[in-house]
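Student: Could you put together the complete structure from these sequences and hints?
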Amino acid sequence: MTNNYLTHRLVLIAVGLSTLALTACSGGVGGDQPDAVDDGPIRIGMLAPLTGSESVYGAYLRNGAQMAVDEINQQGGLLGRTVELVVEDDGCDAQMATAGATKLVSAGVQLAVGGYCSGSTLPTEQIFYDNGIPQVITAANGSQLIEAGLDSVFLVNGLATQQAQSAVKFAQKQAAQAIFTVDDGDAYPKGLTDAFAEYATGVGLNIVAHEQINKAEKDFGAVATDIVGRGADLVFCTAYVQPCALLNQQARQYGFAGDFLIGDGAVDAQFADLTGAAYVDRVYGTFTQTPDMLVGADSWLAEYQAKFKAEPGPYTTQAYDGVRVMAEGVRLAGSTDRAAVAQAIHGLNGFELFSGPATFTDQGVLADSSFVIVVLKEGKFVLYDDLKS
Amino acid sequence: MIQVIVNGLSVGAFYALVALGYSMVYGIIKLLNFAHGDIYMLGAYVGFVVLGALTSWLSLPTALGLVLVTLVTMALTGGAGVLLERVAYRPIRHAPRLSLLITAVGLSFALEYGVRQIFGPQPSHFPVQIDAGSVHLFGATITIARIVVILVAAGLMVVLALFVAKTRQGRAMRAIALDAKAARLMGIDVDRTISLVFFIGSALAGAAGVLAGAVYGTIDFLMGFIIGIKAFTAAVIGGIGNLYGAMLGGVALGLLESFGVAWLGGQWRDVFSFLCLILFLTFRPTGILGGRVQERM
Amino acid sequence: MALIPRRPRPPALLRPPVDLVQPLGRRFDWRGPRAPLRLIGLLAVVGVFVLPFLNASTYLMQILTSAYIYVMLAMGLNVVVGYAGLLDLGYIAFFAVGAYTSGIATTRLGLSQVQAIPLVIVVCVLAGIVIGGPTLRLRSDYLAIVTLGFGEIIRVTANNLSVTGGPAGIYAIPGWQFFGWRLRDGFSLGGLRFNGQVTFYYFVALIVTVLGVLGISQIARGRLGRAWKAVRDDEDAAEAMGINTYLAKITAYIIGAVWAGLAGQLMATQQSAISPPSFQFLHSALILMAVVLGGMGSTPGVIVGALFISLAPEFLRGVADWRYLIFGLLLILVMIFRPAGLWPASAVLPWSRDRRRAAETAPPPPPESPSSPAAAADRGPTADGPTSAPASPEREVRP
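Chains as they are written, first to last, in the numbering used here: chain P, 318 to 706; chain Y, 770 to 1066; chain H, 20 to 418.
Rather than coming from a laboratory, the hints here were simulated on the basis of the structure. On a predicted model such as this, the values are computed, not experimentally measured, just so you know. Be aware that one or more of the hints could be misleading.
Label pairs and their computed distance ranges (CB to CB) [said to hold, decoys possible]:
id, chain 1, residue 1, chain 2, residue 2, range
1, H, Leu61, P, Glu515, 57 to 65 Å
2, H, Asp255, Y, Thr936, 36 to 44 Å
3, H, Leu58, Y, Thr1051, 54 to 62 Å
4, H, Arg357, P, Val373, 35 to 43 Å
5, P, Gly548, Y, Arg855, 51 to 59 Å
6, Y, Met770, P, Glu515, 30 to 38 Å
7, P, Gly667, Y, Gly908, 54 to 62 Å
8, Y, Met770, P, Gly667, 56 to 64 Å
By construction, the Cβ of each residue, glycine as well, lies at the ideal position given by its N, Cα and C atoms.
Tutor: Structure below.
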């Protein structure tokens, strides 16, 4: 008994001593030892979904950012230093994204560019902020991203509210009489239909119904019937490509003949295949410009294809623009300091991006969004109306 | 109103086809085959591959080709079901039920993410689609595709019902469901019959998968998850282990959902069907046809 | 067994179900069969407490914090699945309930995280009763699918209510705060500067998890734990021994719910934002995998399993797409070849002095251990055991 007790005490004492010894001789407490010193390369950390359901877009983001980084390095780097892109997977999952963000922090990145899903990008904002890293978000655009009010977070993709406004403009141009909105209950699609409803009723458009569909299902017969039954002449579907394509197909099978407008999440080359060749008429989308829609982007496109042996996709240009915005901020600030870079980016006025001249609002979003209307033609989405007039 | 009923029927036909497999397996070895919904998904992908192979060899008229593909797919998914039973379930058939359930969950994951690794996470486009327009009936619009689904499902169910009721193997199944030990003593090859049940159940799910691909035109690796749960719900509503119950339950659930969506809105659809399941399990776990449980299989 | 009632029993509702914990005052049992295990556990705990003093990279702290949250979850699910033998496929629902309760309490009601703890516990207990109440009388396979349904119901409901922030979820959830001092402020100790909150979350999560693990293993060794295992191994026999099986099951369910809820609160503070996609069925399945792979009913096994499941994708970054396929196959393989898990409850370290004694006193092997061929033959071809009678379909004959 006493023996036991004694041993117990001995163990505790030994443990205590070793703890103290370790504490005394270590330097690891409470933070990172940044690997990068001032004359090494400037590291830009990027979070993108390389695995998971959105992994297709991760590659677009990574390639777009790499294009910009290579370009900067060809022109002599940034502040006399080369630029290096470090990509981590966020899997569009909050847990993976926070782990990825901290991994980037530990790898000594000084700047952060990236982010595809709003839900997984949101928790990374605070991590980058706390570690003195300015952040440009390339694709995610949920309104909650700016509500934390962090002054060094910038969005190069337009907000849902801006996209909703362009959708409303389109509806007005088409003289829609009865609008039917559909989302899948996810954060971004729902925010988009909500914002759309607000603006649309504000300008006197008539929204006859709103419906939510389950993106895991395939039979939207009930909604399709409802669309026809209510005599809708414009459907605004903000879900992702498969549910929207199926809804378009089924609604048209039931006799829907109006305009089918989709949000940017569904503007995808697969849409035409998935919806079926018989139903590709009058399908429109709200979208940001892609390189193939731009005039004078041919050499950029050719370079991209040569480099990655692939076509650029959605958000490639935003990732490219995001890196350029960040680099410009660093150049103007003369350092990678968070506050200085943030101030410099806030001070940008008409910096030329793919999406047009960029000026950021106090909240860190583009003052002028670049949403355009695309139309499905011969299996591809092409520019229909830039809504400038 | 009629439109709502027709919508419910066509969804219910899918539920019923998948529910049959659930119910048969449950009836005979008391196993909740969690991976059954994924057999449906597997069927869709097998059909996708077979269709690709067939159309590259010979050009058949769409309808005939589709029938052929469905038959081949049924055989292949049936075989897959038998294989899975042999590899995963048979070694632990006598282990506690918890082990079987966990194996089933593992199997479901392995199937879903195995297919995903092969075909990718994005939905695939099913090359052939039943798309023959629609007819108007009593003020409702019914697409031909939906009529085909309902007819095919009904046809398969009639064949199955006859098989179980009239044939020797059907009698063996019923015997095992009643008392496996006694059945074995009477000289019935229990293992073989169980394999047969897995074959039939998986083949039906495979047929449903091909139908889904042909009707909706798209397939993806997670398509079996929701329908698996819904089919189980259907099987419970009808009375699990009971063949007719599975059919009835599938149709009933399809109708319930169709009306539920009409009343509550699409976002509550799954909540609605799960609540139906919980209410049934709590208050009438034997289902609608529960009074006839002894007749199961 | 002490579970046999010794005197006439008062009505069930008046009787305390079973004492919750064994007296905590036992000394460290240096020579007992489980002493080496305890020593390893002690060293591990000391190790993880010391770790931040050696390497406090934000990344390491972050992934370990997430791993501890997983351990907490897996310990809770272990009570339900490992000890009580109830398959819960919607366990993530309680995680969601805890996370949302803490999020709503702190962002909408203005409570601090510390004040929110009792609220989280109360809400989780209620959720456990509401969900477990009607379902625990069901057969075990029905239970599995009903809990799955409940998991989805909770997620879909959170996605559609405004108080939960809809699909965007709740964000800007405040961190831990003790007596006006916030973790974010950082502080200096012994000349070393603690900055950033990541390290602090590490310690908060670690302390909560260590308490959680100790708590569960205490309960599991007590009367309540024995009651659970009895119910798991043979419900009818347990009932015949005077155990209120329903009460035992629902206590397991409630304790599992509370542990998941606390883990949810940890997650909410760590991420500062929660949204419905974090609570999908996939996550329920992952926790189940942690428990099953590690060894149902085995505390060290479950801890190892949870660490494996949560850290594997970090080590396999880039090939993370393969993990679900691998996990699924592992589940099947473990169930067929090593049903008690990688570190079974009955495991004894090879160098233990008292291997034989340990083997005798070790807890009975969990139910999934393969029955001997003879026993299997005796049972006949059905999945029902020898106790199987033509049962009324309402009630489970054996788990």
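Student: Next step is simple, just say for each hint if it's right about the structure.
Tutor: Each hint tested on the structure:
no.: 1; hint: Leu61/H with Glu515/P: 57 to 65 Å; verdict: holds, 59 Å
no.: 2; hint: Asp255/H with Thr936/Y: 36 to 44 Å; verdict: holds, 38 Å
no.: 3; hint: Leu58/H with Thr1051/Y: 54 to 62 Å; verdict: violated, 48 Å
no.: 4; hint: Arg357/H with Val373/P: 35 to 43 Å; verdict: holds, 38 Å
no.: 5; hint: Gly548/P with Arg855/Y: 51 to 59 Å; verdict: holds, 56 Å
no.: 6; hint: Met770/Y with Glu515/P: 30 to 38 Å; verdict: holds, 33 Å
no.: 7; hint: Gly667/P with Gly908/Y: 54 to 62 Å; verdict: holds, 59 Å
no.: 8; hint: Met770/Y with Gly667/P: 56 to 64 Å; verdict: holds, 59 Å
The structure fails to meet hint 3 from the earlier list, while all remaining hints are met.
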